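Novice: Here are the chains, one letter per residue:
Protein chains: 2
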Amino acid sequence: MTRYCATIQYDGTDFLGFQFQPKGRTVQGEIEATLKRVTQSEIRIDGAGRTDAGVHATGQVIAFSVEWRHSLADLQRALNATLPQDIIISCLKIVTDDFHPRFDALSRCYCYTIDNQFWPSVLQQRYAYHVKDKLDMVAMQSAARFLVGTHDFASFGKPTQGTSTIRQVMETDWKTDWKTDGNLLFFYIRANAFLYRMVRKIVGTLIQVGLGHLKVQDIQTILEAKDLKCSASLVPACGLCLVEVVYPE
Amino acid sequence: MTRYCATIQYDGTDFLGFQFQPKGRTVQGEIEATLKRVTQSEIRIDGAGRTDAGVHATGQVIAFSVEWRHSLADLQRALNATLPQDIIISCLKIVTDDFHPRFDALSRCYCYTIDNQFWPSVLQQRYAYHVKDKLDMVAMQSAARFLVGTHDFASFGKPTQGTSTIRQVMETDWKTDWKTDGNLLFFYIRANAFLYRMVRKIVGTLIQVGLGHLKVQDIQTILEAKDLKCSASLVPACGLCLVEVVYPE
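As you go down the protein sequences, you meet chains E and U in turn. The first sequence lines up with residues 3 to 251 when you count with this note's numbering. The second sequence lines up with residues 3 to 251 when you count with this note's numbering.
Take these hints with a grain of salt, some might be off.
No copy labels: a pair is met if it fits in one copy or bridges any two.
Said to hold, decoys possible - Below, simulated DSBU-like cross-link-like pairs (lysine-lysine); rule was C-alpha separation at most 35 Å, straight line:
1. K134 - K181
2. K228 - K160
3. K136 - K95
4. K25 - K217
5. K177 - K38
6. K231 - K95
7. K231 - K177
8. K181 - K136
9. K228 - K181
10. K38 - K217
11. K25 - K177
12. K95 - K177
13. K38 - K231
14. K217 - K181
Hints are computed from structural coordinates only; laboratory data are not their basis. Since the model is a prediction, treat every value here as computed from it, not as a measurement.
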C-alpha cells in the first residue's frame, strides 16, 4: 500500500458538502466511488477540511492509501477520467504512510467572493454572493485586521471537535481585480484552523461594517463578547472557496 | 410608445444563441416572452450582435419599443424579476425612436478566456477553453497586433450580411490576472463589426502561435491570403463573451 496526497478542486454547487452522507451527493462519496472503480478496492479518503454544502474548493487536500502498480501520472489520469465533471485532481503526490491532511495542516486559506453592484453579474451567480449596496472596502479591510492573531472566536462559530474556540488567524485581506471594475470583492482569510461556519459569520459581520451598520471598532467588541449571538448572520455558501491548505516543508 | 435600450448579460451555456429560433431556447425568445408577460403586448427586440450558441455576454445591447406607464426603474425591476436566472438587464435607458443597437454601434468588444494549465480549473469550465500546453503570451500578443487596422478578414470569417469582409480592428490585448496565478488568459478584441465566428477563428490561430506551431509573422501571411482555409480551426463557444458595445456620445 502506498499513501497518496491529492490537491483537489470542486464546484460545490451540486454537492451536499465534502463529508460522506448515506443519502445525497458528496465530494467524499464521489471520490471514494471513483477510487473503487479505478482500483477495484474499498478505499476511505481523509480530507483537510469538511466544507459545507455549496462551498467550493480550488485547493482542498485529501489523502488515501492504495495498491497501484502503474505510474503516479497514470493514477491521476485514470482518476480524473472517471471523476464527475465537477471534481478534479489538480496535483497528486506520494507521501509518508503517517501523513494526515487534517492533522498535519499548518493553515488553511479561504476566499469569499462578493458581487457588489446593484444588479448581479449573471456569470458570477454560482461563485459569488450578491450585495447590491456599495460596500466600504477600506472600512472592511480595517475591521478585518482586528481578527488577526490568536483569539477566542466563540462569537464567530462553534468547534467541530473538542471544546476550544481559540484559533490563530494569520492574515486577512480584501482585494478586487481589474477585470470586473472593482465590482467583485475577494476576502482572503488564513488561519491554523476554523470553527464551524466561521468564515461565513466573519464575512457577514464585515459586510455590516462595509454597509455602515457597524463601526470598524465594533469587530473588536464582538470578538471580545465571545458570544455567537453578537455576530451578524451567515452569508451564503456559494461565495466561499477553500483555496489552500499549507503543510510543513 | 417609448423606445428603450438595455444592456444585458447572459450565461450562454443553456442557449442556442441570441437570435430567436422556432424550436429551442434563445436569448431573444426568452426576453420577448418576458416582455409579453410584463407588458401584455407582443414586442420584438433588436440586438447589437447575434451571439452563437454557448457564447456569453456581459455587455450585449438590445432595444425595444413599448407602452409603459410606470417608471423606468419599475420596468427594469419587473423584467429582471420575470427573466430566467441566466439573463439579467444590468442597465435600462430611454432612447430616441430611431435608435438601433446594431446599426448605431461604433464598435463591439469581445473577450475570449483560456484556462492554460495542465489540468483544467473546475470553476472555469463554463466560461473558459482549456489548453493544457503552455502558451507563449508574448508571441500571441505580438501576433495579435498584426490584426489591428482596417483589413480584409476573409481568412477569419464570412460576412453575416452583405459581401464585404473588410473590418476595422481597433485594438487587441492579451491579459492575465493575479487571482489565477496567470493561468487564465484573456484575449480582448475590439472592432467596428465582426465576421461570422471571426473571434473564435482568430483565437484558434493565435493559439497556434502560442504553441509555437505558427510563427508570429504567419498571422500577417494568413491575413493576406484572404482564404478561410488558411486560418486555424475554431475554438469552443464557452470561452467567448461579448463584453461591450460602444455608441456615439
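Novice: Run every hint past the structure and note whether it holds.
Specialist: Hint-by-hint comparison with the structure:
1. In this assembly of identical chains, the alpha carbons of K134 and K181 lie at most 35 Å apart whether taken from the same copy (19 Å) or from different copies (23 Å).
2. Proximity of K228 to K160 under the C-alpha cut-off of 35 Å is restricted to the intra-copy arrangement: shortest distance 11 Å within a copy versus 67 Å between copies.
3. For a Cα distance limit of 35 Å, the shortest separation of K136 from K95 across copies, 22 Å, qualifies, whereas the shortest one inside one copy, 44 Å, does not.
4. With identical chains, the CA atoms of K25 and K217 are never at most 35 Å apart, being 44 Å at best within one copy and 55 Å at best between copies.
5. Proximity of K177 and K38 under a CA criterion of 35 Å is satisfied in neither setting, with 41 Å inside one chain copy and 42 Å between copies.
6. In this assembly of identical chains, the alpha carbons of K231 and K95 never lie at most 35 Å apart, being 43 Å within a copy and 44 Å across copies at closest.
7. Taking CA atoms no more than 35 Å apart as the test, K231 paired with K177 passes inside one copy only; the shortest distance there is 28 Å, against 45 Å between copies.
8. Taking CA atoms no more than 35 Å apart as the test, K181 paired with K136 passes in both settings, with 18 Å inside one copy and 22 Å between copies.
9. Within a single copy, K228 and K181 get their C-alpha atoms only as close as 39 Å, which misses the 35 Å cut-off; across copies the closest is 34 Å, which meets it.
10. Taking identical chains as interchangeable, the C-alpha atoms of K38 and K217 are never at most 35 Å apart, the minima being 53 Å within one chain and 46 Å between chains.
11. Proximity of K25 and K177 under a CA criterion of 35 Å is satisfied in neither setting, with 38 Å inside one chain copy and 44 Å between copies.
12. With identical chains, the CA atoms of K95 and K177 are at most 35 Å apart both within one copy (31 Å) and between copies (32 Å).
13. Taking the shortest alpha-carbon separations for K38 and K231, neither the intra-copy value of 44 Å nor the inter-copy value of 47 Å comes in at or below 35 Å.
14. For a Cα distance limit of 35 Å, the shortest separation of K217 from K181 qualifies both inside one copy, at 30 Å, and across copies, at 29 Å.
When the structure is compared with the earlier hints, violations turn up for hints 4, 5, 6, 10, 11 and 13 and for no others.
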